[in-house]
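Chemist: If you want the building blocks of each chain, they are given just below.
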Amino acid sequence: MNEREKILTRIREALKVPAPRPGTHAPASHLPVPGVPSLPSLRVPPPTAAPVEARRWLPKVGPSFPEQLALFAQNAADLKAHFQVFADWTELSAALVQLRDTENWQRVASHQSELSSQACAALQRPVCWTDQGYDVLAMESCDVGVTECDALIAQTGSVLVTSRSAGGRALSVLPPHHVVIARREQLVADLPAAFALLKQKYAPEFPSMMGFITGPSRTGDIERILVLGAHGPKKLTIFCV
Amino acid sequence: MSTNVAQFQEAAARVTADTRQRQFIRTALGNYEIARDKRKAAFQSWESARQAAALTKWEAVNHLDTHLEELVAKLEARGTKVHWASNGTQAREIILGIFAAKQAKSIIKSKAMTSEEIHLNEALEKAGFEVVESDLGEFIVQLRGEAPYHIVFPSMHLTRGQIRELFAQELGSTSSDSPEELTMVARRVMRHKYITADIGFTGGNFAIAETGMISITENEGNARLTAALPKTMVTLIGIEKVLPKLEDLALFLPMLATAGAGQPLTCYNTMYGGPRQPGEADGPEEWHVVLLDNLRTELLADAEQRDALHCIRCGACLNVCPIFRNVGGHTYGTTYSGPVGSVITPHLRGLQDWKHLSNASSLCGACTEACPVKIDLHHHLLHNRRNAATEKPAFLERMGYKVFGIIANDPLFWSLAKKFGWLTQPLQKLVLGTALDPARAWTKTRDLPPLPQQSFKDWWKHRP
Ligand code: SF4
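Protein sequences, first through last, are from chains A and B.
Just so it is clear: in the first sequence, position 106 is 156 by my numbering, and no numbers are missing.
Just so it is clear: in the second sequence, position 241 is 711 by my numbering, and no numbers are missing.
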């Protein structure tokens with residue numbers, strides 16, 4: 051028997067005695083009685099198909115688009131992320147250029163996709179593209195990483211990225227400033243909606259990395275005092291068009 | 471008395487005497503409570519969410535075999551190599567084997583309590599590997615050669631001054647003691663390590679059976695980088711971490727963040743489904759997932775306490791525990807401290823050697839109330855006490871109650887004891903402060919009030 055079989059056998063052996071449902075104290079009959087073999091049929095019934103209806107208990111999100119947009123903006127502000135919605139692309143690229151000049155960006159890292167390529171064109175700086183693989187040191191020396199995303203989540207102020215939608219795994223965490231370019235249609239209400247979207251968009255061939263980014267990187271490991279930019283980006287900017 | 475008990479008592483006495491340290495911990499955890507309560511209030515129903523989370527975990531743990539098989543099949547289908555380890559020795563061998571095969575020299579680690587559990591760092595360093603903890607708190611305690619103080623806040627016992635001195639000594643930094651500057655010192659040191667490390671090592675918070683993924687929760691971005699840059703990635707995770715469905719995370723991620731640190735969502739919640747896939751820009755070429763039993767199946771076999779395997783290691787029970795707050799994390803001498811540590815350590819490392827942790831409790835139930843997955847923690851402390859006493863009755867205690875039973879059952883003895891009991895007290899004065907004092911555990915820190923010379927019944931009878 052290999053370790054896999056050994057572990058699975060121990061699990062099956064252990065599960066012959068059912069555990070009391072959470073919230074109830076064990077009735078005596080549930081407990082193992084020495085010398086009396088417990089029956090396999092005592093196991094709890096098989097899992098039901100219904101997933102948890104988390105939406106009813108999680109923090110509330112309004113049904114309309116303006117409500118959700120306002121909630122996202124509020125959450126982003128609480129998280130110390132910079133969020134801005136623009137009427138059109140011209141406005142957005144002007145804001146990008148302005149940001150470039152105030153922060154003096156020399157090099158940009160990005161991936162080739164409609165919005166991100168357009169953003170890089172506007173920035174007019176040398177770009178480290180990740181699509182065909184890249185040199186880590188080159189990316190490390192970039193001042194900003196520009197990516198797209200899969201969704202913005204109103205409930206938590208999070209950005210949903212995947213290795214496919216956001217130029218791989220490192221682009222959204224290695225440069226000191228992460229700029230996300232999103233479309234307003236990408237705003238979803240809550241976490242259950244975000245997971246539904248992931249499944250609908252990718253299943254069964256999911257990207258190897260899917261993640262929620264909720265504000266710039268942070269730590270509280272020194273006296274529980276909040277510091278931004280622990281290992282990931284110090285700044286997170288979300289521009290929405 | 472076992473050495474564990476002696477160690478616990480010595481450390482507890484030392485830490486509780488340090489009022490500055492206690493004050494420091496209390497302030498930190500007081501702030502945590504304020505933030506957490508605010509986040510809890512944002513839920514439409516935190517209580518229903520807890521119940522749902524408890525039921526989901528119950529379902530997952532009680533069908534652990536089928537979920538694990540599904541998880542592994544799905545992981546392997548995307549090119550991930552899965553290993554099974556029955557105990558710490560096997561896990562260490564597997565991991566060292568991978569490192570040796572890759573001819574690795576340096577390893578960058580993101581936080582993994584499982585690796586503390588199997589004492590991985592010592593084994594790696596002994597084998598000549600360079601290991602760096604990338605989580606800031608873990609990095610700090612690693613530099614100090616200490617175990618984490620708390621499962622979520624590893625370095626919460628240290629002041630910024632202590633950390634500045636440590637960095638000056640170990641890294642030659644000349645930073646001031648502002649948390650900001652100190653964090654940047656660690657950031658600079660670590661940047662270089664990410665880029666040069668051969669192996670990225672991580673733990674995991676949840677394993678999703680349905681889609682074959684490991685979900686990692688962190689604030690700093692260190693796990694994201696660990697899983698992005700090195701060519702080989704190794705993940706060590708306990709077998710009990712499975713959740714059946716991907717969307718279960720919609721509940722568990724915000725609950726973990728709320729209960730753990732009073733955040734709406736932790737900064738990075740990332741689900742990994744495999745090594746770098748065709749067409750992707752980066753990621754490890756190889757991903758090894760090591761599934762660790764290490765006596766979890768033993769705990770699983772105890773149906774009464776099986777729900778202790780629902781634990782999502784949020785640390786909430788530690789944060790609210792009056793014992794933890796006063797004796798501190800290192801006093802426990804265990805990988806998992808606080809209430810959950812007191813419950814599970816006897817299962818993982820022997821009941822008789824660790825039963826004292828279950829006795830070090832006021833049974834206030836604050837832990838049970840705080841637990842997001844509703845583990846019946848304080849009852850399990852009682853269960854451990856009961857099991858320990860059944861297995862090995864305490865002779866003196868039993869004798870004491872026997873004698874008390876005889877006296878209390880006999881009206882004559884009882885009235886004599888009431889009348890003349892106070893006469894024994896001067897005898898106790900003679901041995902006060904010595905090991906002979908039967909009430910020593912009490913008198914060490916408190917006064918024993920004088921026994922009254924008249925019983926209440928007596929007084930009532932002769933009342934004016
Ligand atoms: S026992 Fe509950 S409260 Fe304690 S760490 Fe585990 S999940 Fe959190």
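Since the hints were made in silico from the structure, they are not lab data.
Every value quoted in this text rests on a predicted model; they were computed, and no experiment measured them.
A few of these clues could be false.
[Said to hold, decoys possible] In silico lysine-lysine, DSSO-like type, Cα no more than 27 Å apart, as pairs:
| # | chain 1 | residue 1 | chain 2 | residue 2 |
| --- | --- | --- | --- | --- |
| 1 | B | K888 | B | K931 |
| 2 | A | K130 | B | K510 |
| 3 | A | K251 | B | K888 |
| 4 | B | K888 | B | K927 |
| 5 | B | K715 | A | K110 |
| 6 | A | K249 | B | K551 |
| 7 | A | K56 | B | K715 |
| 8 | A | K284 | B | K508 |
| 9 | B | K596 | B | K701 |
Chemist: A separate judgement is required for each hint: does it hold in the structure or not?
Modeler: Status of the hints after comparison with the structure:
Distance hint between B/K888 and B/K931 is fulfilled; the C-alpha atoms sit about 15 Å from each other, no more than 27 Å. Our distance criterion of 27 Å between C-alpha atoms is met by A/K130 and B/K510, whose separation comes to about 21 Å. With a CA separation close to 80 Å, the supplied pair A/K251 and B/K888 exceeds the 27 Å bound. The hinted pair formed by B/K888 and B/K927 meets the criterion: a straight-line CA distance of about 10 Å does not exceed 27 Å.
Of the pairs offered as hints, the one joining B/K715 and A/K110 holds, with about 23 Å between alpha carbons and a cut-off of 27 Å not exceeded. In summary, the hint linking A/K249 to B/K551 is supported, as the alpha carbons are separated by about 24 Å, within the 27 Å threshold. Taken as a hint, the A/K56 and B/K715 pair is honoured in the structure, with Cα atoms around 25 Å apart against an allowance of 27 Å. Distance check on the hinted pair: A/K284 and B/K508 sit about 25 Å apart at the alpha-carbon level, within 27 Å; holds.
Proposed proximity of B/K596 and B/K701 is supported: the alpha carbons are some 23 Å apart, at most 27 Å.
Violation of the numbered hints given earlier is confined to hint 3; every other hint is satisfied by the structure.
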